[in-house]
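On the provided structure of chain A, position chains B, C and D as indicated by the hints.
Given next are the chains, with one letter for each unit.
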Amino acid sequence: MKLKKLLVANRGEIAVRVIRACREQGIATVAVYSEADRESLHVLMADEAYPIGAPPAGESYLVIDRLIDVARSAGADSVHPGYGFLAENAAFAEACRDAGLVFVGPPPEAIRAMGDKTAARKIAREVGVPIVPGTLDPVESDDEAPAVAESIGYPVMIKTAKGGGGKGMRLASSPAELPAALRLARAEASAAFGDGAVYLERYIAEPRHIEVQILADDSGEVIHLGERECSIQRRHQKLIEECPSPMVDAAMRRRLGAAACKLAKAAGYVNAGTVEFLADTDRNFYFLEMNTRLQVEHPVTEMVTGIDLVRAQLGIASGERLGYRQADITWRGTAIECRINAEDPFSGWLPSPGTIRTLRPASGPWIRDDSGIYEGYTIPRYYDTLLSKLIVWGEDRDIAIDRMARALGEYRVVGVKTTIPVLARIVAHEDFRAGRLSTGFIDRILPQLQSDGRLAPIAIIAAAVAEYERLGRRPAPESEPSTLHAWRLGNRTGWRGGVTGT
Amino acid sequence: MKLKKLLVANRGEIAVRVIRACREQGIATVAVYSEADRESLHVLMADEAYPIGAPPAGESYLVIDRLIDVARSAGADSVHPGYGFLAENAAFAEACRDAGLVFVGPPPEAIRAMGDKTAARKIAREVGVPIVPGTLDPVESDDEAPAVAESIGYPVMIKTAKGGGGKGMRLASSPAELPAALRLARAEASAAFGDGAVYLERYIAEPRHIEVQILADDSGEVIHLGERECSIQRRHQKLIEECPSPMVDAAMRRRLGAAACKLAKAAGYVNAGTVEFLADTDRNFYFLEMNTRLQVEHPVTEMVTGIDLVRAQLGIASGERLGYRQADITWRGTAIECRINAEDPFSGWLPSPGTIRTLRPASGPWIRDDSGIYEGYTIPRYYDTLLSKLIVWGEDRDIAIDRMARALGEYRVVGVKTTIPVLARIVAHEDFRAGRLSTGFIDRILPQLQSDGRLAPIAIIAAAVAEYERLGRRPAPESEPSTLHAWRLGNRTGWRGGVTGT
Amino acid sequence: MKLVVTVGGKAETVDITGGHGRYRVALGDRVWDVDARFVSPTLCSLLVDGVSYVAEVTDDDGAQIVGLEGETYPIEVDEPVRHSIRTRAGGVSAAGGQLVKAPMPGKISHVAVRRGDRVERGDTLVVVEAMKMENELKAAVAGIVSDVRVTAGQPVNPGDVLVIVEPHA
Amino acid sequence: MKLVVTVGGKAETVDITGGHGRYRVALGDRVWDVDARFVSPTLCSLLVDGVSYVAEVTDDDGAQIVGLEGETYPIEVDEPVRHSIRTRAGGVSAAGGQLVKAPMPGKISHVAVRRGDRVERGDTLVVVEAMKMENELKAAVAGIVSDVRVTAGQPVNPGDVLVIVEPHA
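Residue numbers (my numbering), protein chains in the order written: chain A, 1 to 502; chain B, 503 to 1004; chain C, 1005 to 1173; chain D, 1174 to 1342.
Don't take each hint at face value.
Stated by the list, open to error - Which residues of chain D face chain A? A few of them, derived with a C-beta cut under 8 Å, are:
(1) Leu1176
(2) Ser1213
(3) Thr1215
(4) Leu1216
(5) Cys1217
(6) Ala1228
(7) Gln1237
(8) Glu1242
(9) Glu1244
(10) Val1250
(11) Pro1276
(12) Gly1279
(13) Lys1305
(14) Met1306
These are calculated hints, taken from the structure and not from any lab test.
Yeah, the Cβ is synthetic: ideal placement off N, Cα and C, and Gly gets one too.
Here chain A stands alone, though its shape is the one from the complex (with noise of 0.2 Å):
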C-alpha cells in the first residue's frame, strides 16, 4: 500500500527528519503538538498540525487516544513514532493496527520480544549470540536488589526494561549506591517511558559501545548495514557517534552482522531497528540490547552507506521489499556525528532551556545539520536537551576529525549553553584521532577540558566595544515607532547602524 498522509507522532528534530523524508516522497505529514511546541520546528514544517495536549509528555505525547484520534480526523493512514515516546510501546503500534493505521516501525510482537531487554537476553541466549552477565527478568522489588546484585558482583549497571537512549540508567559501585541509583533509574523510567521496570546487568569497564543497524522486510529478508561505534558518552547518553568504528574490521564486520540479523530473524523483526553490544579490546563482543526503531545517530550510516533509513522505513511499511541484498551494502569512508545538546558542560552538564537568540549551524562541503530549533525559538523546559545532531563525512576518519573540528568552530548558538565547546575539545583530543574511545572518555579527559583564557583580552576589547557604543549612542526614544518589526527597530535605533557606519 503506497502511504499517502502520515502522522508524526514525535517532536523535535526527529520529526523534522521524518517530515523532510515524507515530503521528498510524495507523503502528507500530519504534525502533532503539545501547548509548549504550537512554535516548534515540526509544526512549521508539516503540511498539517494539531494540538495534542498539555506540555508534559503524559499529557500530550505519549496518549495513545489522542494521537489516534487526530490520525483518523485529519485522514491519515500511516503513523512514524520516531525515536522515544512511543517509538517502543508495543501497545501504540498495536493500537495503530487496530484502526487500521499502518505504523512504521516492526509489528507489536517484536516489540515486545526484542523491545523488553529481559526478553531479548533470553532470546540472545538461545540463538547463541553472548551476553552480558546480569539478571534475565526485570528486579521486582528494591528488596531483592541487594542479593542480586551481589550474585553479578560490583559494580552493577541498573538499566530501565523499556525504553533506551540512557535514560534510567545508573551505576551502583557499592552496596551502599544501590538504593540511591535504583530510585533515580526507576523514577527516569517512569518519566521517559512510563514504566519503572529495571534490570542488572555485571558493569564492563571501559567497554566499547558498538551496534549494528538493521534492515528487515516483511518478506523475511533481513540485511545488515554495517556497525556505529557510539563509546562517547556521559552518564550513558550517546555524545558522539561514528560510522565505521576505528575497531571494527571487514571480519569483525560480518560476525557482528551475522549475529545481529540473527537475532532479528528470531524475533520476526521487520523495519529498522538496531542490535547494541559491548566490545572489548580483543574485539570479543556481548549483546546488549535491541532498539526497535530509528536510532538518533542513523544518519552516520546513511552518510557511509547512501541509504536514507527513512525512505527504506516508509517503504517496508508499505509493504515494498527492501531492493537490496547485502552484498549491495557497501561503505565509503567516516561519517561522525556530534550531538548539540542544551546544557552546560562547564556546569556539571545541566540543562539549559532559554531562546536561542542567534544561531548561525555550521555548513559548507559534507556538513549535515539535522536541527529541531531555529533563531528566535524558545526551547521549552519538558522535552529533552538534543538541539541538533550535526554529521560530517570525510574520505577517511582523519579528514572527517578534521572537518567536524572546523563544523564545531563555525556553529554558534547564542543564548542557551551547548555542549559544542567540549565536543570541539573532545574531537580536538589526541585520544579521540587515535581512536583509543571508550565509554569512560568522557569523565577521563574533563579535568583537561577546562578554559586557558588566552583570549581573554580580545574578550575585554569586546566588552568594551559594546558597552563604549551603549553609552555613547543611547538613542532618544522615537516618538512613534512606525513599523514593529523587530529587525527594523533594532535598525534603526543604531546599534548596528551606528557601529557600522551606515
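For chains B, C and D alone, kept in the frame of chain A given last:
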C-alpha cells in the same frame, strides 16, 4: 612543500569554500576585502583579513600588486584565486611565482595555452578533439565581424576570449543584431576580465552543456572525475548543474574523459581544471573551452565521487602526487546544484541587492549549502549576484530531484528577491524530471512559470493579522531602552511577544 | 476590527477579531479560525483549519508584501477611514507614458536613445550595469522619447527616472 | 572614554576612543587599533592587528558575556564613577554558606535532606527534574542544612533558593 598560510584572492562563497578547506588541513587563511566587503562572510571566517581598496573590483580584487603585497606582509606562502577575478589571469599566476608564492592553480603557461579560448581551440584541433565551427582568433575590429559571421553562418555566438561563466556571451540571430551584441559582449568582457577581446562561433540550437572535471599533478598524471551537465542556463549563466549527466552513459563518459585528459596533457596542465563540451542528441560532443580553475559547480562532482576538489588542489599545489588513479574513481548516486542568485526572475532577472532580513537555509539529509551570506548581511551592488549554492545528493536522480524540491521549499531568504521560486518550478517540471535538458530550457518554459495566486486568501489573512497586531498593539514609546540589542527591543515592544501571547 | 485589503487593485473588507495568536478572520462570506504567530520578525506561522503555512511578511511603503510558497502577494491593508482618504486623493499612476526608472543601484553603461527619438515596444532605451551584469531597460510602449535624464557613466539609485517615453497619440 | 572592566574580580581601566567601527583601545600598557562591527545583535566581528574574531556578546544583569572560540568571559564594564559607587556599596556574596539555587526551570523530584542534617561535600541535597533528566544538586561545602525551602513535586524557577547549607565552624 607543505602549505602553512594561504591568501584567498577572492570574496563570497568561493572564498568561504577555500577557507573551510584550509581550516580542515591546518592551513592558516588570509582574506582580503574591498571597502564594500568589511562585513562579508569570508572576512568573518578567515584567520586574518586585510583591506585592499575601493569597492569596484578594478580597484581592489583585480589589483595584482596589492594582493602580492598583502600576501608578503602577512607571511603567506600561497595564494588561491577562487574563480572569476584573477583566477584565469596568467599575469597573476606569474606574479605569485615571481614573489615566491605558490599559486593554487595551473602554471601561467597552461593558463595562457588553455585560458585563451582561441588558442585552446587550436590545441584541440591539433590533438584531434572535435570543435564547434568558428574563428580561431579574436575578432579584432567590429568592421570585420559581419563578414566573419556571414562565413560561419547565423545565428552566431559572440564569446569573450578570456574568462567564462557566461559573462560577455551574446547571441546574434541576424546581421542587424550583430553590432549591439558585439558592443554588450565587449563591455561585459572588459568590466569582468579587463579584456574586451571576443571571438565568433557557430550557434548550436538547443545543445547540451557537458563538462569534464580533470585533476593533474606535476608528475604528469592526469585523471578525470566524470562529467557535469550544466544545460539549465539563462543568458549563458548556468543555473542548475548535475553529476552525472542523464544523457551520458559509461561509454560516453570514457570518451569524454579521454578527450579531456588528452587536452590537459597537451597543454601541460597541472591542478584542477574543467573541459567544456557541447553535446547533441546523438551523443556527439564538441570542445568548447577549458576553464583553468575551480568551477562554481565543482560540488556536484565532489558529492558523487567523494573527492574534495579544493583539498586536491591544495595537495597538488604543494607538490604531492594525486593519490588516486583513474580506476580509483567511482560515481555513487546523483548530485544537483541550484544557484541561488539575488535576481528577480519575474522582473527580467534584474539584480536585487539589499539586506538579508531573514535567512533560513535548507538543511538535513544530503543537503549542502555553500553560502556566502548570513542573516543581517547587506549584499553589495558591486559584485555578482550569487548568494549561495544549494547542493543535494540522492541515491538516484529521481531521489535527488525530489530532495532538491524539498530543499528549495525550505530555503527562505527575506529581504532580497532570489531565483529560488523559479528554480523550484524548473525542478518540478516534467521535462527536467525526464532529463530533457537543453540550454534553451528556461526560455522555453518561462512563460509557464507565472504565479497562480492559489494562496491569495492565506496571504490576505497573514497581512490582516500583521496589520491588526500593528494597529492594536502600537506601543507607548519606552522612555529609555535599557539595552540596544535589536532582538531584545523587538521582543519587548510586543510584536512577537504580543502575537505569541508570552 | 474591520480592515480594507487591496490586492491587485481590488479592495475587499476583512473583519478580524481575537488576539494572542488566535484570530477569527472573515472575508466576504468566508470565515477562518486562524492560529498565527510571528516566529521571527518576518516569518509568520499560520495554522488555518489545521493546514500549516509559513508566510514571509515584510512591509514596503505601507503595503504588506506576503511571500507564500514561492509566490509574492503585495497587499495594502488600511483602516476603513484611512483607505477612503487615500483613494479619494487619487492614485499616482502616470497617465499613459512610461517612466523608465532604475530598478536597482548601478551605473549607466549606455544610453541608446535621444530626446525626440521614436521607439517601438521592446527597443532598448538604457543599459544599467549592476552586480557585474549589463541590464537592458526596454520600452514598454511604442512612442516618442520625451526626456533623457542620464548619461553614460552616471551612477543611479533605485527609483531614479532615467528616460520618459510618451506613447503615440 | 575611560571604562572600568572587571574580569574574574580583577578591575582594570580601559581607554577607548573612535567610532563608526574603528576604535583605539588601551589596556594597561598595551594599545590596539580595532575594527569592530556588530554583524548581528549578538555577534561582533573584530579585526585586531589583522586577526579576525567573531565574538558572541550578550548582556546578563549588566555584565557583558563574551563568547570566543568556545570560551566564555563574563566581563563587567562600568563608567569609572558608577564602578566606584557599585563596589563601595559592597557585594552581595553570601558569607561562607551555600545557597543552593535552581539552575533552570524544572520540578523538584526528590529532596534528600532535612533541616539540621549534617552533610559532606558532594552529598546530594535535592534532585531537580528538567528536560527529562534527573539533576542532582550537591553540597559544595561540608556543613549543616540550615533551611529547606522546597518539597518534592514542586515546580521551581531559575534562581529560586532550594536549600541552604551553613559550613562547619
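Now for the hints, and whether the structure bears them out:
1. Interface hint at Leu1176(D): satisfied, since its Cβ lies 6 Å from the closest Cβ of chain A, which is below the 8 Å cut-off.
2. Taking 8 Å as the C-beta cut-off, the interface hint given for Ser1213(D) holds, the closest approach to chain A being about 5 Å.
3. The interface hint given for Thr1215(D) holds, since its Cβ lies 5 Å from the closest Cβ of chain A, which is under the 8 Å cut-off.
4. Look at Leu1216(D): its Cβ gets to within about 6 Å of chain A, closer than 8 Å, so that hint holds up.
5. Interface hint status for Cys1217(D): upheld, as the beta-carbon distance to the closest one in chain A is roughly 5 Å, under 8 Å.
6. With 8 Å as the threshold, the beta carbon of Ala1228(D) comes within range of chain A, its nearest partner Cβ sitting at about 4 Å, so the hint holds.
7. Because the beta carbon of Gln1237(D) sits about 4 Å from the nearest beta carbon in chain A, less than 8 Å, this interface hint is met.
8. The restraint placing Glu1242(D) at the interface with chain A holds, with a minimum CB-CB distance near 6 Å, inside the 8 Å limit.
9. The interface hint given for Glu1244(D) holds, since its Cβ lies 5 Å from the closest Cβ of chain A, which is under the 8 Å cut-off.
10. Because the closest C-beta pair between Val1250(D) and chain A is about 4 Å apart, less than 8 Å, the hint holds.
11. Residue-level restraint check for Pro1276(D) holds (minimum Cβ-Cβ distance to chain A is 5 Å; threshold 8 Å).
12. Because the beta carbon of Gly1279(D) sits about 6 Å from the nearest beta carbon in chain A, less than 8 Å, this interface hint is met.
13. With a least beta-carbon distance of about 5 Å to chain A, the hint placing Lys1305(D) at the interface is held under the 8 Å criterion.
14. Here the hint on Met1306(D) is kept, as its CB sits about 6 Å from the closest CB of chain A, short of 8 Å.
Comparing the model with each earlier hint shows no violations; every hint is respected.
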